[in-house]
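**Q** For reference, the chains in residue letters:
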Amino acid sequence: MQDYSATLLETRNLTMRFGGVVANNDVSFTLKEAELRCLIGPNGAGKSTFFKMLSGQLTPSSGSITFRGQSIAGAAPHEIARLGMGIKTQVPNVFNGLSVRENIWIAASRKHTPPVSRRITDEVLDKIRLTDRAGDLVGHLAHGQRQWVEIGTVLAGEPDLILLDEPAAGMTDAEVLRTAEIIKEINRTRALIVVEHDMQFIRMIAKTVTVFHQGQILMEDTIGAVMADQRVRDVYLGKKVAA
Amino acid sequence: MSRSLSTGLQLVLLAAAIAGVALAPQVLEIFTLMQITLFAAMSILALSLGFIWGFGGILCFGQTAFFGLGGYAYAVAAINLGDSTGAVFVGMLVPAAFAAALGYFMFYGRISDVYLGVITLTVTLILFNLINSTAGDEYRIGAAQLGGFNGMPSVPGLNAPGDPSAVLEPEEIWFVTAGALIAVYVILRLVLVSHFGRVAVAIRENETRASLLGYDPRLYKLLVFVIGGAIAGLAGVLYTNWGAFVSPTIFALSLSAEIIIWITIGGLGTLIGPVLGCVAIQAIVTEIGSQQEFNSNLVLGVILIAFVLLLPRGLVPTAQILWSRALALKARRGGAALFEGGPGGKDDHIAKAAE
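So the sequences go chain by chain: A and B.
Going by our numbering, 77 is the number at position 56 of the first sequence; the sequence numbering is gapless.
Going by our numbering, 87 is the number at position 82 of the second sequence; the sequence numbering is gapless.
Treat the hints as calculated values from the structure; they're not laboratory data.
Hints may be right or wrong, so weigh each one.
[As the list claims (entries may be wrong)] With the C-beta cut set under 8 angstroms, the calculated list includes, among others, these residues of chain A facing chain B:
{"#": "1", "residue": "Ile108"}
{"#": "2", "residue": "Arg131"}
{"#": "3", "residue": "Thr174"}
[To be verified] If we take Cβ atoms under 10 angstroms as the criterion, some of the chain A residues that face chain B in the derived model are:
{"#": "4", "residue": "Phe116"}
{"#": "5", "residue": "Leu119"}
{"#": "6", "residue": "Glu171"}
Yeah, the Cβ is synthetic: ideal placement off N, Cα and C, and Gly gets one too.
Here chain A stands alone, though its shape is the one from the complex:
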């Protein structure tokens, strides 16, 4: 973690096919320790599929994924989670029938003793600003708050790499601002990959942006360069791109 120039995550020629559909094609991607990376791209560009392969929900058709030098392609989700990767999925995956506190506690208690788990749970509840709703069932919360609960469960697991798939979706402007704050705060010590459509939000947090298009990486550069790029504009407007 101290050596910020070290590679944390690397994929090589990662490909995912569903029958004849190629969701990800030959994706080679590198992330350094404690880096914050944003992924953008139109619907169907393969961002979520990419996340699912990283987190073990899908086994890649071919190619390799290494996390801290360890090959994780095709490993089970719980094994990858135990290595230090946490993910907030696009469609919120939370324990709807349990209280907010229980959701966070389940995540915190995997590797900690009860007193430490309780302390971490309290800290996370404070961070996601749901302390006063800690006793409520997650299923009863608004969509934006459920997103935070999911982010909270990810934080409570203390992963070194956090994947966030559309964290700001369904949030109010104030909630989006808070989410951006949380992300910057997390990024002081941990690496993140954030998928978002909300360009306003991307501008708030982004340093380096990777653009996905039709399952491949179209470009990778600073936010300014990406926004100015004609190909990226065309992709978002649905024009044909000569890659």
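Go by the hints and put chain B onto chain A.
**A** Relative to chain A, chain B alone:
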């Protein structure tokens, strides 16, 4: 505060249950006592499915497989050992081991919910047919003749631990059976407040999230399934001991379905619900059986349909919802009274300021 209140309430109810068990032989006739002994044994079976279905999210259509294996394992072991002490443990270990093997292939083979129901149902049918076709002298385990469709008569009853000559009286069998029911209930409660139990419930809520947090859902489900198998086995032991007889009908599909009805009526996701549902339905079925005016299956069907349509959550969860609503109403009334006092006070304040 409400948590310690509910814990206190549970302890009071537990004490009441123990007192009830202790006093029952004094106030009930021996026939009734034997009747409720059977209800207690079946309630343990209800708890086993109530646990794996309600808290582990595993709908097992063949819980009688473990129930029957427990009964047969106990009978075979008791006949061979001549002492029920070890046989009780055999009656729990055999179904637990079977549940472990079956569960391993189902959960690690990523069999999804519906197929899980089909497989467990089929396993029950296979066991029924297997044991049913063991008529003949060649089918014996040690001194125990399996007896095919005739079953195994004169299974030794429970004796005092380590003393085969001291066979238990009906009153003592009541204490053992009802005591086992209370013990199983308490153990499952403790399991549910443990880390393991809380994670198991989380897996029921969302398996994907649990695995993304680093928990292996397959392992947790397997353990829940094995615990359920062992408890169903214990119920089979007590059931076989109650009638001193075991036959292939112990694997019957109708009983498997009935357990699901008990739980649906009593309330899925609670522990006391399955017990209440089991006792209520058994009492009704017994009553109808002695009246012989209606077909009990018909009545059972009507009850099930009525519950699914009118009280789909079952008795206990519905009562809990009504209770919490009553509390909320009371709290709101209290809050409203406060609120009514508020503006008045404010007006006074403004009036004073104006002066």
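**Q** Each hint should be assessed against the structure and marked as holding or not.
**A** We went through each hint and held it up to the structure:
1. Ile108: holds (6 angstroms)
2. Arg131: holds (5 angstroms)
3. Thr174: Holds. Min distance 6 angstroms.
4. Phe116: Because about 4 angstroms separates A:Phe116 from the closest Cβ in chain B, which is inside the 10 angstroms limit, the hint holds.
5. Leu119: holds (6 angstroms)
6. Glu171: Holds, about 8 angstroms.
In summary, this structure violates none of the numbered hints.
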